[in-house]
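Enquirer: Work out the full structure, taking the sequences as your base and the hints as a guide.
2 protein chains.
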Amino acid sequence: MIKVIDFIHTNRDRYVSELKDYLAIPSISALPEHQGDVRRCAEWTAEEMTRVGLENVKLVETPGNPVVYGDWLHAEGAPTILFYGHYDVQPVDPLDLWETPPFEASVRDGEIYARGSADDKGQVFMHFKAIEAHMKQHGKLPVNLRVIIEGEEEVGSKNLDNFIKANKDTLGADVVVISDSAMFDRGVPSICYGLRGLTYFQIDVRGTNSDLHSGIFGGSVANPAMVLAQMLAKMRDTSGRIRVPGFYDDVRELTQAERDEWKKLPWSDKRYMKELGAPKLFGETGFTTLERRWGRPTLEVNGMLSGFTGEGAKTVLPAVAMAKVSMRLVPDQHPDKIADLFEAYVKELAPKTVEVKVTRMHGGKPWMADFDNTYVRAAGRAIEQGFGKTPVFCREGGSIPVVATFQEELGIPSVLFGVGLPDENAHAPNEKLDLDNFHNGIVASAILYEEIGSRR
Amino acid sequence: MIKVIDFIHTNRDRYVSELKDYLAIPSISALPEHQGDVRRCAEWTAEEMTRVGLENVKLVETPGNPVVYGDWLHAEGAPTILFYGHYDVQPVDPLDLWETPPFEASVRDGEIYARGSADDKGQVFMHFKAIEAHMKQHGKLPVNLRVIIEGEEEVGSKNLDNFIKANKDTLGADVVVISDSAMFDRGVPSICYGLRGLTYFQIDVRGTNSDLHSGIFGGSVANPAMVLAQMLAKMRDTSGRIRVPGFYDDVRELTQAERDEWKKLPWSDKRYMKELGAPKLFGETGFTTLERRWGRPTLEVNGMLSGFTGEGAKTVLPAVAMAKVSMRLVPDQHPDKIADLFEAYVKELAPKTVEVKVTRMHGGKPWMADFDNTYVRAAGRAIEQGFGKTPVFCREGGSIPVVATFQEELGIPSVLFGVGLPDENAHAPNEKLDLDNFHNGIVASAILYEEIGSRR
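One line per chain: the protein sequences are V and Y, in this order. So for the first sequence, our numbering puts the first residue at 20; every next one is plus one. So for the second sequence, our numbering puts the first residue at 20; every next one is plus one.
Fair warning: there could be bad hints in the mix.
[What the hints assert, rightly or not] Covered by chain V, according to a simulated footprint, are these stretches of chain Y (three or more residues, beta-carbon under 8 Å):
hint	region
1	212–224
2	300–308
3	403–410
[Stated by the list, open to error] Calculated pairs, DSSO-like style, for lysine-lysine (alpha carbon to alpha carbon, straight line, at most 30 Å):
hint	chain 1	residue 1	chain 2	residue 2
4	Y	K408	V	K366
5	Y	K253	V	K299
6	V	K282	Y	K376
7	V	K289	Y	K293
8	Y	K253	V	K366
9	Y	K282	Y	K366
10	V	K283	Y	K371
11	Y	K159	V	K376
12	Y	K177	Y	K155
[Claimed, not checked] Distance windows between CB atoms, simulated:
hint	chain 1	residue 1	chain 2	residue 2	range
13	V	T393	Y	E367	37 to 43 Å
14	V	E294	Y	W286	56 to 62 Å
15	Y	E367	V	S125	42 to 48 Å
16	Y	S125	V	A185	51 to 57 Å
17	V	K376	Y	D223	27 to 33 Å
18	V	E277	Y	P264	45 to 51 Å
19	Y	E62	V	D40	49 to 55 Å
20	V	K376	Y	S125	29 to 35 Å
21	V	D115	Y	V79	33 to 39 Å
22	V	A363	Y	N181	55 to 61 Å
23	Y	D32	V	K376	56 to 62 Å
Hints listed in this document are in silico derivations from the structure and should not be mistaken for laboratory results. Given the structure is predicted, the values throughout are model-derived calculations rather than measurements. We put the CB at the ideal spot given by N, CA and C, even for glycine.
Expert: Written out as structure tokens, the structure reads:
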């Protein structure tokens, strides 16, 4: 391993320069106008996988964006890792808040700034470089490896479940490794054993056929923006409790043991507030900030649009209003059941003075692992050697729905091996990745292969 | 007068063709990028005023857009009309809902479609052509006339009050004539004797310094879109009543006599609902539709924006949310007092978890006339001759704040001599003006000058 680690240390500059090329491709899966870029990014990913020494590399077509597949299966008798990541990225608006262009990666104070740097190209690339290091130094890997990098994670992985179901035979493995999450804090590497689920909606309210003059017509017909506001206001109360009937029925309560564990983590509400620039924290009464982020569900308005939103004043009574609303779910909530409850509630809230349409966008199940298994412990040792610190165990507020699918369809446990940081603006302007964590992550990944490979 | 009326009838095609040129100038006062167009429109207006025979035509500079002034003061012993109109127009978004481009006027089924056709260039141009007809046929006008056409009506006429105050001496007149309103209905010409006032705000809510990942952070900080929705929801209840404390204190109640008059007007809620495409009407309980539009105040959300509003799903927890909110006022509400009450209420509603900023955009006083005066009766006769029907008397839900200023500063009563129609989309896509009303309006305006001029 020393040769591999040395190789990684001497190639830092090249890694950053290559990563910049990867980050330059605006593979925004949510926006149809970027479809060409998404495909170009899939092709770049495949070429890189071939370059680092993977075999059987191919784009597997789906009804949406292709999945990039590659493997290396010559470590006889050793276990097989299925590595999963995604090459698509989030949209970049509001663009004017970016300090440097989102697709021209720029290094400042040891961080690389670009859309996709943390989520997830940077973390995918870290594994490519770990593979490369083994191959360059030893001409082989210490473990069998299958790699799938998908292009629809940011739009709900809508074709991935079918891809996994259709390729059950060729995706056989002992453990799934995913690097698409953040460590607990700067200098506090972690292993993540739980994720929230998701269900996402668009609500459209129509009042009239066209926008009206708010003076001539105001007071005589419903205002769809006001109706929408009144509906949204009834979805969550001012104590942070979600008011969708039946919403909490299946919520698995936090155990006292888990709550005690989390209280030991190095955490400051004051620092968190300051970092986010929030005047005051807010959330469900009776739970700590970490509990609210990791172990409790939430309902959030993700977007809202109606009427005149430009500079100045326009006296319009809008014809339509739109909101995007999503819920994060915890074990044992099921996204389909919650979606049914939500849709029923929206229909109940909708007054007869308007037309209301609810569109189900996407969803994913929550996930929680037994963190005492062989592979989680191997990951712990790899992190410890790569970062020089024992990792802590924590959950994540975000969602990686595919983790539940791997468990259900392939019966394979997952290890969440993320090296992002909580303040790296994953879905916001000025997304960044700490380069020390990136380089340590390459070392840790290389060691992870060795650790898992040696468990024959 | 017969020669004048004949001249008007034989020039219909030319009028439409010239009006198209006027409507081609995108003089949107709300958008800074159209400032050049606004000035160009002022210049076009001035040139046209000179062409039709007005004298002393000039652009009077203000801190904002210029006021175009012109006069003809040679009708010795006759009264003086002060004609007021505006050459600026509303923004055009959403542009994709226009059937033909907003600044390429197009005639379909006897209506001319373009931004500004009804509000207010078409109605201003109608007077220019009435002046021209008198001048061409008789080389003189039957009345003294001062004309002021301003360029900031759609952004609250913010420099007009000062212009009027500064030019009291040169604006001396007996009556103000304004053509910037709609008649009661197609085939039901009307004289308008009351207008609602206005006060308009922007509310900005900030939760954090930047947009956040809704999974990682959701549940731990306030969501500014949700906070804004909850605040808006508390501004008006589901019975249509405005909940700003003190809001109704100065409202002049409708008299039974007026309510009885309005009940006689040809009106159908069913037809109104169908025309607007509203599933059901909505408004303050206990009042008819006309009462709610003309005689009762309202609070409307004019616009709303937060987070991700594009196609698809983005799991963002927005940093900021914005709403435009305005209130229409009735006698004897004062916009400044209402604005104070509203701001205090917003501050009361704002939770400590966010920063809330309220910006006062503009306002105007409500207005109501004694409709039995000489000039109103003269206007009634002019309408009757121009349109072949006795006009009805009604109020308007919109606001023309300058009417109150003319009354207060110059002590001059106003006559609202509008020929628009209620369904002409004044502030919406596909604004239009009925060309029969336009041509009849030219005749009626020419007769109005004669009727007022003969009152020596």
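Enquirer: Next, verify each hint and record whether it holds.
Expert: Cross-check of the supplied hints:
Only residues whose beta carbon comes within less than 8 Å of a beta carbon in chain V count, and the region 212–224 of chain Y has 4; three or more means the coverage holds. As drawn, the region 300–308 of chain Y meets chain V at 5 residues by the rule of a beta-carbon pair under 8 Å; at three or more, the given contact holds. With a cut-off of 8 Å between beta carbons, the region 403–410 of chain Y has 0 residues touching chain V; three or more are needed, and the interface restraint is violated. In summary, the hint linking Y:K408 to V:K366 is not supported, as the alpha carbons are separated by about 48 Å, beyond the 30 Å threshold.
In summary, the hint linking Y:K253 to V:K299 is supported, as the alpha carbons are separated by about 22 Å, within the 30 Å threshold. A distance of roughly 36 Å separates the Cα atoms of V:K282 and Y:K376; the hinted pair therefore is violated under the 30 Å criterion. In summary, the hint linking V:K289 to Y:K293 is not supported, as the alpha carbons are separated by about 56 Å, beyond the 30 Å threshold. Straight-line distance between C-alpha atoms of Y:K253 and V:K366 comes to about 21 Å, which keeps the hinted pair within the 30 Å bound.
In summary, the hint linking Y:K282 to Y:K366 is not supported, as the alpha carbons are separated by about 40 Å, beyond the 30 Å threshold. Annotation: proposed proximity of V:K283 to Y:K371 holds, straight-line Cα distance about 29 Å (limit 30 Å). For the hint linking Y:K159 to V:K376, the alpha-carbon distance of about 61 Å lies beyond 30 Å, and the restraint is violated. A distance of roughly 36 Å separates the Cα atoms of Y:K177 and Y:K155; the hinted pair therefore is violated under the 30 Å criterion.
A C-beta distance of roughly 58 Å is found between V:T393 and Y:E367, which places it outside the suggested range of 37 to 43 Å. A hinted range of 56 to 62 Å holds for the C-beta pair V:E294 and Y:W286, which are about 59 Å apart. Checked against the given bound of 42 to 48 Å, the beta carbons of Y:E367 and V:S125, roughly 45 Å apart, stay inside it. With their beta carbons about 54 Å apart, Y:S125 and V:A185 fall inside the hinted range of 51 to 57 Å.
In this structure the supplied range 27 to 33 Å holds for V:K376 paired with Y:D223, their Cβ-Cβ distance being about 28 Å. Restraint check, V:E277 to Y:P264: a C-beta distance of roughly 46 Å satisfies the suggested window 45 to 51 Å. Checking the proposed 49 to 55 Å range against Y:E62 and V:D40 shows it holds: the Cβ atoms sit about 54 Å from each other. Evaluation of the 29 to 35 Å hint for V:K376 and Y:S125 yields a pass: the beta carbon distance comes to about 32 Å.
A C-beta distance of roughly 37 Å is found between V:D115 and Y:V79, which places it inside the suggested range of 33 to 39 Å. In this structure the supplied range 55 to 61 Å holds for V:A363 paired with Y:N181, their Cβ-Cβ distance being about 57 Å. Look at Y:D32 against V:K376: about 46 Å separates their beta carbons, and that is not inside 56 to 62 Å.
Comparing the model with each earlier hint shows violations of hints 3, 4, 6, 7, 9, 11, 12, 13 and 23; every other hint is respected.
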